[in-house]
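Given only the sequences and the hints, what does the whole structure look like? Please build it.
For reference, the chains in residue letters:
There are 2 protein chains.
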Amino acid sequence: VTTGELTQTPQTTVRRAERASYDRELAHAILDEGLVAHVGFVVDERPFVIPMVYGRIDDTLYLHGAPGTRILRTLTGGEGRRAAPVCVTVTLLDALVLAKSQMHHSANYRSVVVLGAVRRVRGEEAERALTAIVDHALPGRSAQARPPDAGELRRTAVLALPIDEASVKVRTGGPVDDEADLALPVWAGIIPLTTVRGEQVEMVQAPEGFPA
Amino acid sequence: VTTGELTQTPQTTVRRAERASYDRELAHAILDEGLVAHVGFVVDERPFVIPMVYGRIDDTLYLHGAPGTRILRTLTGGEGRRAAPVCVTVTLLDALVLAKSQMHHSANYRSVVVLGAVRRVRGEEAERALTAIVDHALPGRSAQARPPDAGELRRTAVLALPIDEASVKVRTGGPVDDEADLALPVWAGIIPLTTVRGEQVEMVQAPEGFPA
Chain U
388 VTTGELTQTP QTTVRRAERA SYDRELAHAI LDEGLVAHVG FVVDERPFVI
438 PMVYGRIDDT LYLHGAPGTR ILRTLTGGEG RRAAPVCVTV TLLDALVLAK
488 SQMHHSANYR SVVVLGAVRR VRGEEAERAL TAIVDHALPG RSAQARPPDA
538 GELRRTAVLA LPIDEASVKV RTGGPVDDEA DLALPVWAGI IPLTTVRGEQ
588 VEMVQAPEGF PA
Chain S
388 VTTGELTQTP QTTVRRAERA SYDRELAHAI LDEGLVAHVG FVVDERPFVI
438 PMVYGRIDDT LYLHGAPGTR ILRTLTGGEG RRAAPVCVTV TLLDALVLAK
488 SQMHHSANYR SVVVLGAVRR VRGEEAERAL TAIVDHALPG RSAQARPPDA
538 GELRRTAVLA LPIDEASVKV RTGGPVDDEA DLALPVWAGI IPLTTVRGEQ
588 VEMVQAPEGF PA
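Protein sequences appear in the order of chains U and S. Just so you know, we're using my numbering here: the first sequence kicks off at 388 and counts up by one. Just so you know, we're using my numbering here: the second sequence kicks off at 388 and counts up by one.
For the record, the hints were derived by calculation from the structure and aren't laboratory data. Wrong hints could be hidden among the right ones.
Unchecked claim - The following label-pair restraints were derived from C-beta to C-beta distances:
id, chain 1, residue 1, chain 2, residue 2, range
1, S, Ala570, U, Glu412, 27 to 33 Å
2, S, Val401, U, Ala470, 22 to 28 Å
3, S, Pro534, U, Asp419, 15 to 21 Å
4, S, Thr582, U, Gly538, 35 to 41 Å
5, U, Ala567, S, Gln398, 44 to 50 Å
Stated by the list, open to error - Which residues of chain S face chain U? A few of them, derived with a C-beta cut under 10 Å, are:
id, residue
6, Val429
7, His491
8, Ile520
9, Ala532
10, Val557
11, Glu589
Don't be surprised by glycine CBs; every beta carbon is placed ideally from N, CA and C.
This is the structure in structure tokens:
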């Protein structure tokens with residue numbers, strides 16, 4: 388794993404500098420805590436944003452999907468086309484921030500934006516990536532469930548994106564009102580938000596033709 | 388409010404048709420339950436995806452921001468440029484789906500993708516939109532906090548996007564394994580995920596220069 392700073396480019400430079408970070412470990416921690424990435428790509432000059440699960444190994448973020456989908460065909464290029472640029476964003480919403488004035492209402496959040504181009508990976512790296520995607524949602528799960536067989540691997544495209552040209556944005560703390568508003572008799576503070584995992588619900592799958 | 392079907396275009400046609408819906412009420416319900424939208428736009432042929440809060444009034448989704456930011460300048464056009472196309476995606480993650488095989492692991496989710504171009508709104512519509520954005524996170528909140536004054540309104544760009552060229556994707560239920568895997572001694576089922584609002588934490592803001 389590379390430590391230290393992400394690569395800051397004009398594209399990843401955050402305008403509100405007080406919220407910006409280019410710390411790799413922080414980016415990794417946010418990516419590990421998130422469950423869904425919003426993946427942006429361009430087709431015919433139009434943007435598309437699709438939610439996808441993902442995994443991380445060291446400095447690489449992995450996505451997967453069926454090779455024939457629009458997003459996979461776009462991101463991997465092929466047929467003489469170059470691999471299209473991608474933007475992968477993961478956001479953790481930590482709190483609603485309620486100020487005395489409407490304009491200073493805000494949210495506490497941690498987000499990572501990763502830019503770049505993916506490469507399609509195969510063989511052992513693809514298998515490790517798929518394991519990472521399964522274990523990302525539930526650590527250790529890959530050791531329990533049946534691993535993919537040759538046919539399943541063939542029907543799954545695995546994409547790797549370097550976590551390098553990336554930026555982190557973080558907002559923490561309470562509301563920041565204008566001084567003139569501080570005396571207003573309005574409740575101000577935060578409402579924490581957390582993603583809670585409920586109790587596991589076991590589900591028995593009936594074979595086809597099983598009487599209902 | 389328009390009822391019935393969203394406008395289905397080649398761009399919004401979902402490939403896995405069994406998960407697709409073009410129902411307006413369902414799209415509105417998902418948008419109302421979500422708190423963060425991931426907003427995609429294109430600059431120099433590269434995609435960017437930024438998390439933003441939003442509000443909804445009837446068939447219109449509203450975003451807001453400082454007029455000088457890259458995303459605002461891109462989406463509103465100006466200086467002879469056309470308004471750039473946008474993609475606004477909202478995803479609710481409902482459960483992790485654990486199958487007996489790694490490849491059939493999945494997630495239950497509800498997502499909305501809205502395509503189009505924004506128009507910048509001003510005056511009374513902008514004020515109603517900002518109220519909707521504040522009330523979206525906490526219904527009724529706008530009646531408590533100080534409304535924006537003329538200067539704040541001038542410094543805030545409000546963007547409207549029709550919720551029309553849009554699609555909904557929903558996955559529900561348990562894992563669907565291959566029949567050959569059903570006898571494997573692997574726990575299968577779902578882990579429900581919910582976003583929980585914690586207790587409100589009041590925060591007192593000290594005026595500048597207040598002794599610590």
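Do the hints match the structure? See the list:
{"no.": "1", "hint": "Ala570/S - Glu412/U: 27 to 33 Å", "result": "violated (44 Å)"}
{"no.": "2", "hint": "Val401/S - Ala470/U: 22 to 28 Å", "result": "holds (24 Å)"}
{"no.": "3", "hint": "Pro534/S - Asp419/U: 15 to 21 Å", "result": "violated (40 Å)"}
{"no.": "4", "hint": "Thr582/S - Gly538/U: 35 to 41 Å", "result": "holds (37 Å)"}
{"no.": "5", "hint": "Ala567/U - Gln398/S: 44 to 50 Å", "result": "holds (47 Å)"}
{"no.": "6", "hint": "Val429", "result": "holds (5 Å)"}
{"no.": "7", "hint": "His491", "result": "holds (8 Å)"}
{"no.": "8", "hint": "Ile520", "result": "holds (8 Å)"}
{"no.": "9", "hint": "Ala532", "result": "holds (5 Å)"}
{"no.": "10", "hint": "Val557", "result": "violated (12 Å)"}
{"no.": "11", "hint": "Glu589", "result": "holds (4 Å)"}
Violated hints for the displayed structure, listed by number in ascending order: 1, 3 and 10.
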